[in-house]
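Based on the hints, put chain B in the right spot on chain A.
Residue numbers (the numbering used here), protein chains in the order written: chain A, 12 to 200; chain B, 10 to 324.
Just so you know, these hints were derived from the structure itself, not from any lab. Among the hints, a few may not be true.
Claimed, not checked - The calculated lysine-lysine pairs, modelled on DSSO-like cross-linking and capped at a C-alpha distance of 30 Å, are:
#1 K100/B - K34/A
#2 K122/A - K234/B
#3 K45/A - K302/B
#4 K103/B - K45/A
#5 K184/A - K302/B
#6 K184/A - K127/B
#7 K282/B - K103/B
#8 K122/A - K99/B
#9 K34/A - K302/B
#10 K122/A - K302/B
#11 K99/B - K184/A
To be verified - Listed next, the stretches of chain B that the computed footprint assigns to chain A, with coverage defined by at least 3 CB atoms under 8 Å from CB atoms of chain A:
#12 67-77
#13 95-102
#14 141-152
As the list claims (entries may be wrong) - Just the calculated beta-carbon pair ranges, DEER-fashion:
#15 P48/A - S96/B: 34 to 42 Å
#16 Q265/B - S187/A: 54 to 62 Å
#17 G147/A - N307/B: 55 to 63 Å
#18 L85/B - L150/A: 47 to 55 Å
These numbers were taken from a predicted model, which means no experiment stands behind them. For each residue, glycine too, the CB sits at the ideal point set by N, CA and C.
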Amino acid sequence: MRCLPPFLGWLCLSLTGCVAPAKLNLGQAAPALKHKPSAANASLVHVAAAQDCRINREDLGNVGGRPFSGQDLLVWIDLTMSQLGTEKFRVSVHPIPPEDTAMRVHPRLLKAYVDSITTSKTSVIVIEVEIVCPDGTTLMRRFRGQDAGANWSSGEQEVIQSLRRALTRCTTKLRSEIESLLPPQKAQY
Amino acid sequence: MQQRRFNARDLRVLGFLSLIALAGFSGCATPNRLPLNPAHKTGVGTAQTTVCLAQQEIGTDITRSNITAVTGGGLLFALVDAGIENSRAKKAEKHVTPVRDTLIGYNLGEVLNASLKKQLATCDWLKMGTFNVQQVPTLAGLESWIKTAEGDCLLLVDAQYRFTPQFDAIAVSARISLHPRKGSLVGAAKVHQRLAPLVYYNAFSATFRMTDWPGQALAAEDAVKRWAEDGGKRARAALNLGADEIARMLAFDLEQPGTVGNALYKAPAGAPKYDGALPLPGASTALVVSGHKVYEDNARKWLRFPTGELASIGK
Chain A
12 MRCLPPFLGW LCLSLTGCVA PAKLNLGQAA PALKHKPSAA NASLVHVAAA QDCRINREDL
72 GNVGGRPFSG QDLLVWIDLT MSQLGTEKFR VSVHPIPPED TAMRVHPRLL KAYVDSITTS
132 KTSVIVIEVE IVCPDGTTLM RRFRGQDAGA NWSSGEQEVI QSLRRALTRC TTKLRSEIES
192 LLPPQKAQY
Chain B
10 MQQRRFNARD LRVLGFLSLI ALAGFSGCAT PNRLPLNPAH KTGVGTAQTT VCLAQQEIGT
70 DITRSNITAV TGGGLLFALV DAGIENSRAK KAEKHVTPVR DTLIGYNLGE VLNASLKKQL
130 ATCDWLKMGT FNVQQVPTLA GLESWIKTAE GDCLLLVDAQ YRFTPQFDAI AVSARISLHP
190 RKGSLVGAAK VHQRLAPLVY YNAFSATFRM TDWPGQALAA EDAVKRWAED GGKRARAALN
250 LGADEIARML AFDLEQPGTV GNALYKAPAG APKYDGALPL PGASTALVVS GHKVYEDNAR
310 KWLRFPTGEL ASIGK
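Next comes chain A alone, as it looks inside the complex (with noise of 0.2 Å):
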């Protein structure tokens, strides 16, 4: 019985918690993107840095009534791309492209939030990129991240996760259509 009034001020404490805006620091939690080591003749790609073109910078939505704010959103999305390349592509982040750039890629976010439906949650990030193609073509794609699932207690680190899960499925497709404007690689003899 004596542990009860201790118990229950942390519970209160821990659901007043869960109702509280919450701002996520976001830059310390870019989704580590898995490939194979870029080869030594791979083409290189120079990434510029992300633009935000979000009505509101700050705004990323909310869950469980729960609203939810992000600073780094833009160091979050520049890590991701700065990971971008594959065994046919090297990236490059540098502020001046190198003289060996076969593509640019200049993204620009669209949407980044969070949102609920009854007790499930969804993330979700549209990037557009401007796309540079070796022959001077110049491109536009979208591409969508999204990631529904169970929304546990509406906490900071189940949001971070499902966000970087929204972000992990629009790099992947990003990464998937420079690979396929690349002119095909040369075999090393």
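This is chain B only, laid out in the frame that chain A set:
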């Protein structure tokens, strides 16, 4: 002696709980709608309109699983319900992608503002000032918006838009409130629905079915494909109509009186009842409730729910 004291405390707790229950039930028996007092119209003056959107894109809805209710309750069944709802939510979010892609630049807030400007021009006592859109997750900034608003009051439109669970229709809903910031109405304003002092409040919903929806039911993927065709032409049309309908209902509702003694709104004797979507504050799904008809034209019927909200449904 010890035993008697314990019983007395029990009785006090029981009495306290009964009071809470009574207060809760009495809260359910009053309307959510707060009508605009006709005597206050002259004091409204110029209104700044602010449309708030918590959503960045069109939302989805699911049919809630009710195994727990059918089986009479239990934690196990509640977990089963949560699992089913999670599966439905995942599918709905996957299906909706093509429409979201076509509506990427669509701003319901701007469309709502244009509709409000047009429809509220009929209220000669209300001067429409500036219009703006806020993309915010909550209304936490409401008090500062009221302070910094241009004109005499702030007309706040807290809007939502989402597909119905079958993807056969789009529902636009809004909670609308009028907050005086200076002049004679400030003293008459009161806190209602946990919002800053206001002189008018009501909630509205307008559900628009796809105009050329085929006779038979469509699978969610096929329905979404149709909504997304031609740059989302059908979805844009339904959203535009929904926004216009909300503005039309508001113009109508601002002129309607409340009930005598703050009683619930009742249908005239023998009048039929219809089901409509009742938007709930902050909820991700709407509640289907029966209401009575207060207006109809060639295409639409407006229902008034017992708690005062208005819903527009197709005929």
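So, going through the hints one by one against the coordinates:
Between K100/B and K34/A the alpha-carbon distance is near 29 Å, which keeps this suggested pair within the 30 Å criterion. Proposed proximity of K122/A and K234/B is supported: the alpha carbons are some 22 Å apart, at most 30 Å. The suggested pairing of K45/A with K302/B is violated, with an alpha-carbon distance near 59 Å, which exceeds 30 Å. Between K103/B and K45/A the CA atoms are separated by roughly 24 Å; this keeps the pair inside 30 Å, and the hint holds.
Between K184/A and K302/B the CA atoms are separated by roughly 50 Å; this puts the pair beyond 30 Å, and the hint is violated. With a C-alpha separation of about 43 Å, the suggested pairing of K184/A with K127/B is violated against the 30 Å cut-off. Only pairs whose Cα atoms come within 30 Å are accepted, and K282/B paired with K103/B is rejected, the gap being roughly 36 Å. Our distance criterion of 30 Å between C-alpha atoms is met by K122/A and K99/B, whose separation comes to about 19 Å.
For the given pair, K34/A sits about 45 Å from K302/B by alpha-carbon distance, which is inconsistent with the 30 Å threshold. The straight-line distance between the Cα atoms of K122/A and K302/B is roughly 40 Å, outside the 30 Å bound, and the hint therefore fails. Distance hint between K99/B and K184/A is fulfilled; the C-alpha atoms sit about 19 Å from each other, no more than 30 Å. A stretch counts as covered by a chain when three or more of its residues have a beta carbon under 8 Å from one of that chain; for the region 67-77 of chain B and chain A the count is 5, and the coverage holds.
Under the rule that three or more residues need a Cβ within less than 8 Å of chain A, the assignment of the region 95-102 of chain B holds, with 5 such residues. Given as covered by chain A, the region 141-152 of chain B passes the check, having 7 residues with a CB less than 8 Å from a CB of that chain where 3 are the minimum. Under the hint 34 to 42 Å, the C-beta atoms of P48/A and S96/B, about 39 Å apart, fit the expected range. Distance hint check: the CB atoms of Q265/B and S187/A are about 57 Å apart, consistent with the given range 54 to 62 Å.
As the Cβ distance of G147/A to N307/B is approximately 56 Å, the hint placing it in 55 to 63 Å holds. At about 52 Å, the beta-carbon gap between L85/B and L150/A stays in the expected band of 47 to 55 Å.
Going through the hint list in order, the structure does not satisfy hints 3, 5, 6, 7, 9, 10.
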